[in-house]
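Visitor: Chains as they are written, first to last, in the numbering used here: chain A, 1 to 149; chain B, 1 to 149; chain C, 1 to 73; chain D, 1 to 73.
There could be a bad hint or two in this list.
[Unchecked claim] With a Cα cut of at most 30 angstroms, we get these calculated DSS-like pairs of lysine-lysine:
id, chain 1, residue 1, chain 2, residue 2
1, A, K98, A, K68
2, B, K66, A, K18
3, C, K31, C, K41
4, B, K58, B, K26
5, B, K147, C, K12
6, B, K58, A, K128
7, C, K20, B, K114
8, A, K114, A, K128
9, A, K98, A, K13
10, A, K13, B, K147
11, D, K20, A, K147
12, B, K66, B, K128
13, C, K41, B, K147
14, D, K41, D, K59
15, B, K13, A, K26
Treat the hints as calculated values from the structure; they're not laboratory data.
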Amino acid sequence: MMVEIYSGPLDVKEILSKWLDEIDGKNWGAFIPFVGIVREEDDIAALSFDIYEPILLKWFEEWQEKAKQRGAIVKMAHSLGDVPIFTSSYIAAVMSPKRRAALTLIDEFVEDFKANAPIWKYDIVDGKRVYAQSRSTPMIGAGLLSKKD
Amino acid sequence: MMVEIYSGPLDVKEILSKWLDEIDGKNWGAFIPFVGIVREEDDIAALSFDIYEPILLKWFEEWQEKAKQRGAIVKMAHSLGDVPIFTSSYIAAVMSPKRRAALTLIDEFVEDFKANAPIWKYDIVDGKRVYAQSRSTPMIGAGLLSKKD
Amino acid sequence: MVKIEFLGPIGKETIELDAKNLSDVASELNKDKNISIWLEKSAVALNDTIVNSLDLPLKDGDRISILPPVCGG
Amino acid sequence: MVKIEFLGPIGKETIELDAKNLSDVASELNKDKNISIWLEKSAVALNDTIVNSLDLPLKDGDRISILPPVCGG
């Protein structure tokens, strides 16, 4: 099960339908998708995303392993390139036998995604692509090559 | 916005599609549904539910108010009667401008639902309807009429 | 007269009682062992609002609901 | 020679350097102010694995990635 990367906005209904079909007839008691939608804010027309896939896939594989140890599965879809306001750029999901584990896992998974998935966000304003610096988070271990003296 | 009560299993795709249509063009940045599915366990063929609607609606209205104070909306669908294994009996959802508030709210909403929504669960085993006593939780304030002396 | 309704798995028909307050209701219901075992773990609603005090005065036509342990979802 | 690639918004072409370890890379990159301002808040990967030590020996053909602050979703 890999990360699903789509060019442009996500078809939320189609992706959720596909994931629902995957759990059909299996013994998952809880399925929790998180759907992230681009908000209209600060006159942006869209957001835009760069992704560094090799490290994203490793990050995701580690989460699959963590989820497996808790008897669960994680899923993820993300957009590459431009995503207009009111459309979706990101869907994460957890499938778990039990409610409590599922609620904890989706929270941890989404928060760690925001902090450590190698994806860069840009605002599209007046046709320009501007790095969303103030909303971005240094990854764990950031500053390693910074001059200390 | 009311609680949606359906006879028998929920059509998850249809309900999620409808809720997605409701958020279309609005400024919700996060949509988190929780889908509860009946697990195959202890030879049950289905679960079955009784609901006391007047108090469920009040409970839900209080949650709508709590959600509103946080700038969010809560949604809920639940089954009445029999729900076979591998089908859904319960969907809750949160729509919120922001991720963090949405993750906290869905967790609190689902947990309080399990503890305080006036719904009773039965196992259907060999055609018999058996109250799921050991998995049930006394509501807040339980024991008021119990003889103390 | 007030009505007492037993919800969910208690499986008992609605009854009517003469009672001035919830303490009277408690005394009366605890006489029946099949009911009193439920009362220990049941919440109580007066006209569909959960209540937390035995002192509430009751009036003619009030409806009291006994809500045993729940498990939605 | 090792390759240094600058990801996301840094907007700089991949370069090649002679370096025995990450300390050498740090010294070299900090000479360019337009790069050093990114280094303070960037994570570092060696052949697509995030690393946390400057002492790692490098070999010919190694690929180092500079990952500036992220914001997926």
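Visitor: Of the hints stated earlier, which fail here?
Guide: Those not satisfied are hints 2, 6, 7, 10 and 12.
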